[in-house]
Structure formats: C-alpha cells, structure tokens
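A.B. asks: Construct all of the structure, not just a fragment, from the sequences and the given hints.
First to last, the sequence lines map onto chains A and B.
Sequence positions in the first sequence follow this note's numbering and run 276 to 685.
Sequence positions in the second sequence follow this note's numbering and run 1475 to 1840.
Hints may contain errors.
Which stretches of chain B does chain A cover? Using the computed rule of at least three CB atoms under 8 Å from a CB of chain A, they are [claimed, not checked]:
1) 1658-1671
2) 1776-1790
3) 1828-1837
What the hints contain is simulated information worked out from the structure, not anything from laboratory work.
Quick caveat: nothing in here was measured; it's all calculated off a predicted structure.
Every residue, glycine too, gets a C-beta built ideally from N, C-alpha and C.
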Amino acid sequence: MASATGAASHPVPPSLSLPPSQFARLQPHAYLLAHLSPPAASNQPSIRANGRASSQFRVTSANAGSLTHTNGSAVVRMGDTTSVCGVRAEILRTEDIASWSVSRTSNEASNKRRRLAELNEKPNEEDEDTAADDEEDRAHIEDLNLLVPNLSLSTGCAPGFTPGAPPSALAQSLSHQLLSLLHSTRLVRADDLRIWYQPPSLGPEELERHNDDEQMDVDPNPSGGVEDHKNREIKGFWVLYIDVMIISLAGNPFDAAWASVLAALRDTKLPRSWWDVDSEMILCSDNVSEASKLSLRGLPVASSFCVFEADAAAGWRAVVIPDAEEQKARSQKKGSQQRWILADPDGYEENLGQERICLVVDKEKGGKGKTVVLKMEKHGGWTVDTDDLRQLVDISARRWDEMKRILDQC
Amino acid sequence: MRTGQPRLGSQNRIAAYFAAVVSDESVRECFAGPAAFPILPNKRVYFARNRGDGEDKEEVEAKVQALGVTATSKYMGEQWLVHVPGTHTRSATHHPQKNCVSNFVTFTTRHQATTTFIMVGPTASLAPLYRADGSSSYTCPATGYELLGAVNAPVELPARRDALKPEEATVEVFVKPGTTTAGVGERYVEGILRSVLATVILGREKGLPRRGVVITLAIVGGEDVERGDSYLTLLPALLHTSLLALLSATVPLSMTFSATLLGVTKSGIIIPDPSAADAKAMASLHALAFSSKGHLLLNESQGRFEFDTWEAVRQKALAICQNTAVSADGDVSMAEGAEGAPLHDFVRETVEDQVHRDYPWKIDAV
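C.D. replies: Next up, the structure:
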C-alpha cells in the first residue's frame, strides 16, 4: 500500500502501470512467472519473487530453552514462519496402565532374550540386542502413547485463522504427521523414558549366590553382571507432551514445526527419578545436575518443496495430458523451463502450486556417512518423478548440513 | 469322470483355493526360482490346485510337500482339496472372480495338472448404494480391508467456499474408520486423498465450478489403524475405492490411476501388499500411485531407506500397476507374467463388468 500512495504522490499523470505489490496481488501467477523466467534480453537471473534462488531455503534461526516451565523448549524461525515447541514430561505409573500386567509377560520374554544375548560373544550380542530393543522400543512408545505431539495454529498466525474456531484440518494433519514421523524415525529411545526399580537382593537369592561364587557376595557392584538386572522392573514411564505452536505462519509449517520439535527434544532434560519402596511412589530429584538429557537417534531434518508450473491455464480445459515418457521428452526438447521446484515455499508460493514434496533425510555417523531417506512424500501433481526426486534428496542432504549447524549452535 | 473344465478365468488355473499359513523359509525357497516372490511368515497364501488326469493322492501330496508344506489331500469331485494343518480351508465354491488374480505361480505335474499359488488381488463392485450419485465397494484380501465409497457430485456445498477457488469444483473427502470416530490420522489421509483426486478430477468442466465433489469413504472391515500409525497400508485401497466411486458417479476425470503398497524388509526384499501387521515389521513402507499414462501421482514413503531402494520399489510398483516392465531389448512385455494382471486392468475390468451388466440392451444393439 505504501508504494501505491508513493506512486499517487508523483506529479506525473496517472498511468496504467501498476506498482509491483499490486501486480503481485492481482496476478500472482504471472508475477511469479515473470520473476522465474525473465525475458532473455533483460539478462536477469531466474529468481523467485522473494529474492531466493529456487533451491534456496529461508534464513533459519533456532533458540533452545526459551520457556522456563518446560523440560525442553525451542523457538525456530524460518523466514516469517515461527514455531514454538515445548516439551513437558509427566509420569505414567505402570499400575495405572490397564494392560500392563498382560503386556509385561512379553516384556519379560524379551528381557530374557536380551539376557541370553548378553551371554553370547560381543559382536553377536549387539545385533541381537538392538533387534530386541527395537521391538521393545516400538511397543512401549507406540502402544503406551509415550509421545503426544499437538500442533496448534494460533489465532492470527495468518489472516485466515479466526478465534474460537476448532482446530483446522491443516493443524490436525500436521499433528498427525509429527506423531507418525516421531514413530517412524524412532527418534526417542524408550529406554530414556523408563523408570526402573531394582529390588534389593534378599535372603534366598544371596544364599544362592553364596553357593555359586563367594566373591559376588563381597562385591555386589550395581552395574556389573546379568544377575543384577534379573529382578529389575519398570515402575513408570515418562510421557512427553510435545506442544507446538505456530505463532506466525508464512508457508511451510511442517519444516518449522519439525525443526522446533527436534530442537526442543535435544534440549529436553528429564529429572532423575526412582521408585521409593517406603512411600510406594515415584520420586524425582530436583537437583538439576542429576537430570539427564534424552539420547536421540540421529537427526532427521525435514525439507519441503512446492512445484510451480508455468502454464497456469493447464487446468482450465480438458487438455490431453501427455504420457509420462512423452512429457519427459518434451520438457527436454523445449528450451524454456516449464516448471520450477521451489524449496521452502512461502505462503504466496504455496497458493500457486498444488504439487508438494516433503523429504526427511538423515546422514549416518553424524554427517560423514551416507544419506538416508526417512520419509518421502509427494502428492498433488504429476510432474515430479525419479530424476527430480533424486536431485531433491541431494538438496535435502545439503539442507541437513545447514540445519545441523543451526541446531548445534542453539 | 469329467476332465477339469475351466469354470472361470482364462486357463485351467483355478479350481479350489486354500488359505495356508506357511513358514517363511519353505515358501521363500520354493519361489526362489525365476518367478520369485517372497512371502512373509503368517501371510495368507492362497493356492489352488486342479486335478490332472489320473493323478493320485500320493502324487498330489508329494508335490505339495516339495514346497515344504505338510499337507493332506482329499479328492473332492473335480478337485483335490489340499489341507494344510492349522489353516483355514475355504470352500471351493467361494471363488474369487476372474479378475482378482494378481499374483500367481503355476507349476505342472506330469499329468498336466496345475497347482497355482495365488496372491488374491482386490475385488470390487460398482454402485452398491442407491442414494449416492456413485458408489463402490472394495475388498482387498491381501491386506484384509473392506471399504465402501460414495460420491455425490456435483452438489451445492452448504458453506460458501467461493472465496477459495471459484473457478473449479471443491473436492471434499471424508474417511470414516470402522469402529471409532475420525481423528487426526483421518484428517491427514483425507488431505492426501483430496490432493491426489483433485489433480485427476476435471473440476472446471461444465456444471462443476463452485460446486462440490463429496467423497465419503467408510472402512467396513479390516484392522483398525491405531493412533499415530501410518495410513499407508490403507492408502491404495482408499484410492481405488474413491476412483471407482468417481467413475460410477461419472465425474469427469483427466485420467485414471492405480495404486499399490510395497514394503521393504530389513534384508532388502520388496514385498507387495503387506498387511497391517506385516507392515510394522518392515524397514520401510511405500505407497505409490501411477496414472493411466504412467505419471507418478502419489508417493508416500516412510521408514529408513536409500534412494536407490526407492527406485527399485518404484519400478516394481509400476510393474504391478501397469505391467509395462520394459525388458532389456526395449520390448514392452504385456503377457501375464509372475505379476499377474496389472492393477490398472483391475479398474478397467471392474468398470467393464458393470457396463455389461447395466447396458446389455445397448451393447446388444451394437
């Protein structure tokens, strides 16, 4: 609007030309297209209306530990999209789990398996151990719902969000995406969330030990030996309530939300907790130095893309859509680019394209290993296929390096 | 004694079929040959066997035992019933339609009898509901899902949505789970379905702009999707149901599509159509949809995988959907191979069957 009044104040007679801001509103598609495919004579580079190159992400900043009343929190800002995430931990006692006594038998079975594995030689043990652990992790975290993410798009984060409305379909599906990604990446280890109780070894067992080996009786060190883990039982779990609030929405909410969840979980500290036999409850230490951080599995980083097609009128008529092969050949033959894959789309660009791609990648060995895809989602169009996706995985891998640097600093 | 007469289908292939729970190794071993397709433990394997001339009990049993399956056989009229202990044997009359065989492996004895292991493909019928503009019911035996879809189009939407996109139809999708109310998972899958269907629906055709295409999908049978579980196992079934319902409602479409679900095990074997229980054990899961013209319309992958794995999955999925596996010399093989009838033909045949049922007078006139 400011530029419009600026134009009016000029002494020249009103012309039919429009200032760019109004052109952007009236003809959004043509406006972005004009930026992406400038006339060859103008010698300008192809650039998005927001000044970024097509594979460039917005400036991202992250800040962890901003909220004092949470176990872990983070604010992530990607351009004008800002996401706040707080992780709150609460205790779930096993006696409150209705199916615990039923499911525990399977748990013990896997414990037994693990103990058997521990007896085996080293390399074998690790393999077996992780396999058994994986299943137990999945069972505990997914079946007991130990991770509860919720995303809210707060009032006023974007013009369309009015107060008092129920959670929009977008907010609900984002919540689901966060949860299913937390589950499928197995980011949080169930072992971090378990609260154990180790009963003191009592009379008859000690006798047994006495017969077996006299030295064990003299020096019962708590960390050594299979024997010590025998009667260990789980008395409770930490449940992590992961609340994400998008306080400003300017496109690409998923990347920002996931980055904030990741940063908040990296920041999360759980107090040392134990089962107190005398009071029959779980007690927590309020000593900060005793609190432990979560040990997360890897660093999955999300990057989203949106496809902008040059031909806005393609959908207007019942045009004959070319075969996939034909289309590929045609796009190679034609000199001018017909579509652009825009990384980290802002709100303006999201409105202009239906086709979305979301990739979540991780790199093994802290960035030195190969790139692994953890989620690949593509829908809403038919133009992107294998070759493009391969390039996008590379772009996402570069984004991973950038996000790792940002998250390590916060 | 009559010789084995084909009752349905193209060849003397199916006469009876059985559900067998077979151990992993045994079946994998037997499919280790050229037509290898791996089968998971506890996966239902249907196999059919029709009688050859003069084949005796011992020979049938030996043949089945060669597959690593312990079974007893019994001669029943025209066919041998092979009973695998601990399994549920279905009656021979409960027979799949001819177009439901999607994966099979056949071997022949010296008496020209054939035994066929079938992965039973989906079955569907059009217009089972009367009040909806179009509807379809869909059963997928491999995953156990049963769905019912209804389409109303074009309808006036109660809420005014002109502000969104007045020039085209609004596509609305509702998914109703079988036993619970719809939750956040359904919102998510509705969004995906909407974006896939909106690309194939010609929403700017006459009569559609400013109106709504409302698709309601009810999950009638099969395992429930739990909180936070992936919806990928259901996606192909939901997509097929909605496509058939849209066809039944004669909503203008730019192309049709077919979808499939593939799982990759930890050892890197690609498995078509894993059930919900099997899917949990997979290293990665991929749901892909291809248009009738070969475009990749949808890809939903989750789990840990590398891009090269995905490329192999994509190729396999394209072969399952369209059966256009291009061989080394560039020939497109359209013959029924180990993959069986492609899913794309399933959609086509379902519609063809319905047309033959609805318009016999018209077809006869031509």
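A.B. asks: If a hint holds in the structure, say so; if it does not, say that too.
C.D. replies: Checked hints:
no., hint, verdict
1, 1658-1671, "holds (count 9)"
2, 1776-1790, "holds (count 9)"
3, 1828-1837, "violated (count 0)"
Going down the numbered hints, you'll see the structure goes against just number 3.
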